[in-house]
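2 protein chains.
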Amino acid sequence: MRILLTNDDGVTSEGLLTLAKYLSREHEVVIVAPESERSAVGHAITIHVPIWVKELKICEHAKVYSITGTPADCVKLGVDVLFREPDVIISGINKGPNLGTDVIYSGTVSGALEGAMSGYPSLAVSSADYQNPLYESAAEFMLEFLKSFDFSSIPPYTALNINVPAIPYERIKGWRFTRQSKRRWEDYFEARVDPFGRTYYWMLGNVIEDDEDPDADYKAVQEGYVSITPVSVFLTNESYLKKLKTLEPRKE
Amino acid sequence: MRILLTNDDGVTSEGLLTLAKYLSREHEVVIVAPESERSAVGHAITIHVPIWVKELKICEHAKVYSITGTPADCVKLGVDVLFREPDVIISGINKGPNLGTDVIYSGTVSGALEGAMSGYPSLAVSSADYQNPLYESAAEFMLEFLKSFDFSSIPPYTALNINVPAIPYERIKGWRFTRQSKRRWEDYFEARVDPFGRTYYWMLGNVIEDDEDPDADYKAVQEGYVSITPVSVFLTNESYLKKLKTLEPRKE
Chain A
1 MRILLTNDDG VTSEGLLTLA KYLSREHEVV IVAPESERSA VGHAITIHVP
51 IWVKELKICE HAKVYSITGT PADCVKLGVD VLFREPDVII SGINKGPNLG
101 TDVIYSGTVS GALEGAMSGY PSLAVSSADY QNPLYESAAE FMLEFLKSFD
151 FSSIPPYTAL NINVPAIPYE RIKGWRFTRQ SKRRWEDYFE ARVDPFGRTY
201 YWMLGNVIED DEDPDADYKA VQEGYVSITP VSVFLTNESY LKKLKTLEPR
251 KE
Chain B
1 MRILLTNDDG VTSEGLLTLA KYLSREHEVV IVAPESERSA VGHAITIHVP
51 IWVKELKICE HAKVYSITGT PADCVKLGVD VLFREPDVII SGINKGPNLG
101 TDVIYSGTVS GALEGAMSGY PSLAVSSADY QNPLYESAAE FMLEFLKSFD
151 FSSIPPYTAL NINVPAIPYE RIKGWRFTRQ SKRRWEDYFE ARVDPFGRTY
201 YWMLGNVIED DEDPDADYKA VQEGYVSITP VSVFLTNESY LKKLKTLEPR
251 KE
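As they're listed, the protein sequences go chains A and B. For the first sequence, this note's numbering assigns the number 1 to the initial residue and increments by one for each residue that follows. For the second sequence, this note's numbering assigns the number 1 to the initial residue and increments by one for each residue that follows.
The reader is advised that the hints may include incorrect statements.
In this list, chains with the same sequence are indistinguishable; a pair is considered to hold if it fits within one copy or across any two.
When the alpha-carbon atoms are kept at most 20 Å apart in a straight line, the in silico SDA-like pairs for lysine to any residue are as follows [what the hints assert, rightly or not]:
1) 245 x 85
2) 182 x 239
3) 173 x 224
4) 243 x 156
5) 245 x 215
6) 243 x 215
7) 243 x 232
8) 245 x 167
9) 182 x 232
10) 182 x 234
11) 219 x 183
12) 182 x 119
13) 245 x 150
14) 219 x 245
15) 242 x 153
16) 21 x 140
17) 182 x 238
18) 54 x 192
19) 243 x 145
20) 147 x 247
21) 242 x 59
In short, the hints are calculated from the structure, not lab data. Since this is a predicted model, take the numbers as computed values, not measurements.
Bound-form chain A, shown alone (with noise of 0.2 Å):
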């Protein structure tokens, strides 16, 4: 197959760079990653300014292109441009979970929906491990994914969402298809003074995992097994909407 790689973590990142060395094992794969690293810019594009792309010799497995943009401008960029018509579209391998809430800020998510929205199978991976992440297990599960599912049953506009245990691959439990979870970040914020004089303020945050749901995404990684979560870019909540329909409409 012919393989679109991105990311978020930035052109130089070794989830990126594993993945590519994995795949190309029986793939030939194409790198479009942003040069600096992007993690946490949601589904930003650049509209403003323009995009610059260089291509870097730092991989024997693929063909690399940098560029002055986010996950989802490598997207778009490499379809309509640098590599177009792949078979597949992969963003990752992140590091660190993107699990629940996680959805709506990653860059990482956002490739493979921008890559949904391009018309092609579309998957995010994650290692699921802030401090150490385990990319030689996530990309060999990759490597073996591929093999296994049946892309043409994806619908549009939906992309893959996978969020591998940083665990060796043989004891991967095996996959599970989940729902994305409540799981959310309880922010705080730090203040400190600059040499100036300044108050600055660091965003921190802890992980709150509550949701009752059997199905939840990141109850998948616990256990031991590959969280897929099914994602689309269409955010109307339903069943609330079919409420609102039933209030009296407002100069109708």
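Keeping the supplied structure of chain A fixed, place chain B upon it in accordance with the hints.
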């Protein structure tokens, strides 16, 4: 009411200041907004560098904080530090619509979704014309809407994405509860060569509006109604998840 205002066009933008002026007639308004334009920034947050805050004396109708961050940062820092426990969070008025897949890229909508995740009634508001927005009309609508709508009905993790047609307030026909449509951009890139011989690319695009859904957000606006779409942070494609669950599980 105590209203926290943010936006993605930046703290000095006309849409934001017009809304502050109108709302201040009946409410206490505090602005926490990005110091520079952050359009199409998606749901980015600032986690690797700190955030600076500056109080600006640029508006007689509201206290104004300018911060070196994104709309999502503004809401987090707003409710945690600068203006605790607001009754409502409003993001806007955006210059131009946030309809269909715009929602995914929109800094304006992400401000409201961040507010919803923090547990506050949260609204995104846009004047639905890129070239000729009509902020007075949208601001007057918002003042009216705040009086009429029961915010306690909004479920957790859900915000309202409001698009006001850019026509005089008197000509607005009312409001409709709608669904996020498949309205999308067909992108293309224009390549140029910079004075140093390097190729760079501008992202350009055309809007495609071909959604058959009678409840499509953009149709309400086209017909002279305010479009109100309840949007949530949960992206799971439920119908596809159901289908995937029927597939034979692997290694389980």
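Here's how the hints hold up against the structure:
no., hint, result
1, 245 x 85, "neither (41 Å within a copy, 29 Å between copies)"
2, 182 x 239, "both (17 Å within a copy, 19 Å between copies)"
3, 173 x 224, "within (6 Å within a copy, 55 Å between copies)"
4, 243 x 156, "between (27 Å within a copy, 14 Å between copies)"
5, 245 x 215, "between (30 Å within a copy, 10 Å between copies)"
6, 243 x 215, "between (26 Å within a copy, 14 Å between copies)"
7, 243 x 232, "between (22 Å within a copy, 15 Å between copies)"
8, 245 x 167, "neither (48 Å within a copy, 24 Å between copies)"
9, 182 x 232, "both (16 Å within a copy, 11 Å between copies)"
10, 182 x 234, "both (17 Å within a copy, 8 Å between copies)"
11, 219 x 183, "within (10 Å within a copy, 35 Å between copies)"
12, 182 x 119, "between (28 Å within a copy, 13 Å between copies)"
13, 245 x 150, "between (38 Å within a copy, 14 Å between copies)"
14, 219 x 245, "between (35 Å within a copy, 16 Å between copies)"
15, 242 x 153, "between (28 Å within a copy, 12 Å between copies)"
16, 21 x 140, "within (10 Å within a copy, 57 Å between copies)"
17, 182 x 238, "both (17 Å within a copy, 15 Å between copies)"
18, 54 x 192, "between (38 Å within a copy, 14 Å between copies)"
19, 243 x 145, "between (40 Å within a copy, 18 Å between copies)"
20, 147 x 247, "between (50 Å within a copy, 16 Å between copies)"
21, 242 x 59, "neither (52 Å within a copy, 40 Å between copies)"
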